[in-house]
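Peer 1: Each chain is listed here by its residues.
2 protein chains.
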Amino acid sequence: MKPYRTHTIIILALCAIFAAGPSAYAGDPLPSWNEGPVKKNIIEFVGKVTKEGSPDFVPVSERIATFDSDGTLWSEQPMYFQLFFALDRVKAMAPQHPEWKDKEPFASLLKGEVKGALAGGEKAMIEIVMETHAGMTTAEFEQIVRDWIATAKHPKTGKLFTEMVYQPMLELLAYLRANGFKTFIVSGGGIEFMRPWTEKVYGIPPEQVIGSSISTKFEMRDGKPVLVRLPEINFIDDKAGKPVGINSHIGRRPIAAFGNSDGDLQMLQWTTAGQGPRFALYVHHTDTEREWAYDRNSSIGRLDKGFDEAQAKGWTVVDMKQDWKVIYPHEER
Amino acid sequence: MKPYRTHTIIILALCAIFAAGPSAYAGDPLPSWNEGPVKKNIIEFVGKVTKEGSPDFVPVSERIATFDSDGTLWSEQPMYFQLFFALDRVKAMAPQHPEWKDKEPFASLLKGEVKGALAGGEKAMIEIVMETHAGMTTAEFEQIVRDWIATAKHPKTGKLFTEMVYQPMLELLAYLRANGFKTFIVSGGGIEFMRPWTEKVYGIPPEQVIGSSISTKFEMRDGKPVLVRLPEINFIDDKAGKPVGINSHIGRRPIAAFGNSDGDLQMLQWTTAGQGPRFALYVHHTDTEREWAYDRNSSIGRLDKGFDEAQAKGWTVVDMKQDWKVIYPHEER
Numbered sequence: 001m002k003p004y005r006t007h008t009i010i011i012l013a014l015c016a017i018f019a020a021g022p023s024a025y026a027g028d029p030l031p032s033w034n035e036g037p038v039k040k041n042i043i044e045f046v047g048k049v050t051k052e053g054s055p056d057f058v059p060v061s062e063r064i065a066t067f068d069s070d071g072t073l074w075s076e077q078p079m080y081f082q083l084f085f086a087l088d089r090v091k092a093m094a095p096q097h098p099e100w101k102d103k104e105p106f107a108s109l110l111k112g113e114v115k116g117a118l119a120g121g122e123k124a125m126i127e128i129v130m131e132t133h134a135g136m137t138t139a140e141f142e143q144i145v146r147d148w149i150a151t152a153k154h155p156k157t158g159k160l161f162t163e164m165v166y167q168p169m170l171e172l173l174a175y176l177r178a179n180g181f182k183t184f185i186v187s188g189g190g191i192e193f194m195r196p197w198t199e200k201v202y203g204i205p206p207e208q209v210i211g212s213s214i215s216t217k218f219e220m221r222d223g224k225p226v227l228v229r230l231p232e233i234n235f236i237d238d239k240a241g242k243p244v245g246i247n248s249h250i251g252r253r254p255i256a257a258f259g260n261s262d263g264d265l266q267m268l269q270w271t272t273a274g275q276g277p278r279f280a281l282y283v284h285h286t287d288t289e290r291e292w293a294y295d296r297n298s299s300i301g302r303l304d305k306g307f308d309e310a311q312a313k314g315w316t317v318v319d320m321k322q323d324w325k326v327i328y329p330h331e332e333r
Numbered sequence: 001m002k003p004y005r006t007h008t009i010i011i012l013a014l015c016a017i018f019a020a021g022p023s024a025y026a027g028d029p030l031p032s033w034n035e036g037p038v039k040k041n042i043i044e045f046v047g048k049v050t051k052e053g054s055p056d057f058v059p060v061s062e063r064i065a066t067f068d069s070d071g072t073l074w075s076e077q078p079m080y081f082q083l084f085f086a087l088d089r090v091k092a093m094a095p096q097h098p099e100w101k102d103k104e105p106f107a108s109l110l111k112g113e114v115k116g117a118l119a120g121g122e123k124a125m126i127e128i129v130m131e132t133h134a135g136m137t138t139a140e141f142e143q144i145v146r147d148w149i150a151t152a153k154h155p156k157t158g159k160l161f162t163e164m165v166y167q168p169m170l171e172l173l174a175y176l177r178a179n180g181f182k183t184f185i186v187s188g189g190g191i192e193f194m195r196p197w198t199e200k201v202y203g204i205p206p207e208q209v210i211g212s213s214i215s216t217k218f219e220m221r222d223g224k225p226v227l228v229r230l231p232e233i234n235f236i237d238d239k240a241g242k243p244v245g246i247n248s249h250i251g252r253r254p255i256a257a258f259g260n261s262d263g264d265l266q267m268l269q270w271t272t273a274g275q276g277p278r279f280a281l282y283v284h285h286t287d288t289e290r291e292w293a294y295d296r297n298s299s300i301g302r303l304d305k306g307f308d309e310a311q312a313k314g315w316t317v318v319d320m321k322q323d324w325k326v327i328y329p330h331e332e333r
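Here the protein sequences line up with chains A and B, keeping their order. Quick note: the first sequence uses my numbering, first residue 1, plus one each step. Quick note: the second sequence uses my numbering, first residue 1, plus one each step.
I should point out that these hints are in silico values taken from the structure, not numbers from a laboratory. It cannot be assumed that every hint is accurate.
Just so you know, same-sequence chains aren't split out, so a pair can sit in one copy or run between any two.
Using 25 Å as the maximum straight-line C-alpha spacing, the simulated DSS-like pairs for lysine-lysine come out as follows [as the list claims (entries may be wrong)]:
hint: 1; residue 1: Lys123; residue 2: Lys111
hint: 2; residue 1: Lys313; residue 2: Lys217
hint: 3; residue 1: Lys182; residue 2: Lys200
hint: 4; residue 1: Lys156; residue 2: Lys40
hint: 5; residue 1: Lys101; residue 2: Lys111
hint: 6; residue 1: Lys111; residue 2: Lys48
hint: 7; residue 1: Lys224; residue 2: Lys115
hint: 8; residue 1: Lys325; residue 2: Lys200
hint: 9; residue 1: Lys103; residue 2: Lys123
hint: 10; residue 1: Lys91; residue 2: Lys101
hint: 11; residue 1: Lys313; residue 2: Lys40
hint: 12; residue 1: Lys40; residue 2: Lys321
hint: 13; residue 1: Lys224; residue 2: Lys305
hint: 14; residue 1: Lys123; residue 2: Lys156
hint: 15; residue 1: Lys123; residue 2: Lys239
Just need the whole structure built from these sequences, with the hints factored in.
Peer 2: Following this line, the structure appears as structure tokens:
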């Protein structure tokens, strides 16, 4: 063997070691997770599916992990953050809509009576979403979301909404990716509400974000093609819609899925029904002090049937208070 | 500086050189493309968007390239290959459907009169597709496609359909990926008809395949979740549908798009309307000997308006006869 080739092989071998990433030499990949069965389950699962030659080995192309967003990657109380966005939009748009003064649910909203406005139920919600999320081009909507997410603050914490993402989940996303997983968001939230900021905040690019959507229409405006957002529901990515959305966007079954509510149950069922090693995890909100505590009786993020099924099937359940050293990134500083 | 660190830096530098991939040291990345303006345009575009510090530099995350499938990545004559699949399915399913003997378009099909069957136009086509593509689970349909694509042969060439992919386009896909591009299929064909084999044939994984679809429904069968394919159109990924599909699945605008027909025109318009360097290419079928020649008057893969717009806007047009040394991979052997 010529020295040239020997050097090449050594370099390639060293490259392989370095390319294996932090997991190969770093310490704890999940420093914000307390030691215990939950952390152990995660690390054991990742260990076995990445161990070549093991019967549980999964090739990189099949390492698909899907994450719910609201309540799983960031908080969702006292209401879904996208709803704060919609309410801020109603206020911002009110001068162009004098008729809203006398029209529910807008009249209540503009008086600050959110509860009254939402008393109209699903119909009121859809009206608010359509008025605030449709009627502009996709590019215009993206800019509106970017501007809002950069400045809007949560009423209780006073933090930016993107500061209310869960530090332990950020570590989990990074840990999975360092081990060859492709991470996806599969959320009931609006796909175009998430995409402008998920890459920066979660390291998840737009093409790996799946969510609910309204219809869009291609048209030419002044010789320029645009996509116009129409006041018409296209897809609801929740409950039985989640496996449908996963199939439509990913086209293969995840081997790991992460959620926090009954809205994620079908995603976890779909994921765990596949052949070979599977991982399902529920985040249980148990921390009244650092976050919120809610489950079976909450109107937001209800975890009831899913909780029973998790226990029956031995899925991993995070006790937020117990298992997470910190909730938000800023607690670390 | 400690020797340990010096070594580390040298190794990392060498890794960076090796990781730069074939393009950094290989010869011609497009050996099946004849020298000429088309090949030059492609290589110049890739060169400028990948050159750090250049005003045209595009970061890796934004290097999205979308490819039509029928007539762009593989042949589509004398009819779309998915139609051969549908016709074979009609024959295979006929014993379970005695009523087809007297029912159009099935009666004609079963007598081998394809033209007569398709005389029923879109309605007949949709009936054939729904009968053959719906009514089973997604897993069952995937297996049907896998079995068919592994054995079915083209009536004229006697080759497997997957042997009728274009060698120059395989090289182009690989060349783009070696330069940090993420390659997507954006086809009017069925998304679930393509996904079972695109990774093996084109190196494009299921999550990067966008196509037309019928609706699916999540349900439990014997305690196991399945997705059932319904006889109901969900999305037509053609013409003005292509930018909609791109936006829905990718969530950002491609910087390069490749097609061969008027069905791709809106995708090329959408792609080239973005800021910064853009690339649009049409494959023009001009080779009666090695493939087929057709454009403005073809019912399959018509290239008329798109041809005019390509000339007006200076898009790159492949003259298949002139620009491609070989058409199919087997010609190389």
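Peer 1: Classify it for me, Lys91 with Lys101: is the Cα-Cα distance of at most 25 Å met within a copy, between copies, both or neither?
Peer 2: within (11 Å within a copy, 64 Å between copies)
Peer 1: Classify it for me, Lys111 with Lys48: is the Cα-Cα distance of at most 25 Å met within a copy, between copies, both or neither?
Peer 2: neither (56 Å within a copy, 55 Å between copies)
Peer 1: For Lys103 and Lys123, with the copy left unspecified, which applies at a CA distance of at most 25 Å: within, between, both, or neither?
Peer 2: Within one copy only: 13 Å inside, 45 Å across.
Peer 1: Tell me, please, which holds for Lys101 and Lys111 at an alpha-carbon limit of 25 Å: within, between, both or neither?
Peer 2: So Lys101 and Lys111 pass the 25 Å test inside one copy only (9 Å; across, 68 Å).
Peer 1: My question is about Lys224 and Lys305: at a cut-off of 25 Å on alpha-carbon distance, are they close within one copy, between copies, both, or neither?
Peer 2: between (49 Å within a copy, 17 Å between copies)
Peer 1: If the cut is 25 Å between Cα atoms, do Lys313 and Lys40 qualify within a copy, between copies, both or neither?
Peer 2: within (18 Å within a copy, 59 Å between copies)
Peer 1: When no copy is named, should Lys325 and Lys200 be tagged within, between, both, or neither for a Cα gap of at most 25 Å?
Peer 2: within (23 Å within a copy, 44 Å between copies)
Peer 1: With identical chains treated as interchangeable, where does the CA-CA distance between Lys156 and Lys40 reach 25 Å or less: within a copy, between copies, both, or neither?
Peer 2: neither (33 Å within a copy, 59 Å between copies)
Peer 1: If the cutoff is 25 Å on CA atoms, where do Lys182 and Lys200 land: within, between, both or neither? Let me know, please.
Peer 2: Classified as both; 16 Å inside a copy, 19 Å across copies.
Peer 1: How do Lys123 and Lys111 come out at 25 Å by Cα distance, when the copy is not named: within, between, both, or neither?
Peer 2: within (19 Å within a copy, 53 Å between copies)
Peer 1: Pop the pair Lys123 and Lys156 into one bin, within, between, both or neither, using alpha-carbon distances up to 25 Å.
Peer 2: neither (27 Å within a copy, 57 Å between copies)
Peer 1: When Cα atoms must be at most 25 Å apart, do Lys313 and Lys217 count as within-copy, between-copy, both, or neither?
Peer 2: Answer is between: at 24 Å across copies they meet the 25 Å cutoff, but 43 Å inside does not.
Consistency note: the structure conflicts with the earlier hints numbered 4, 6, 7, 14.
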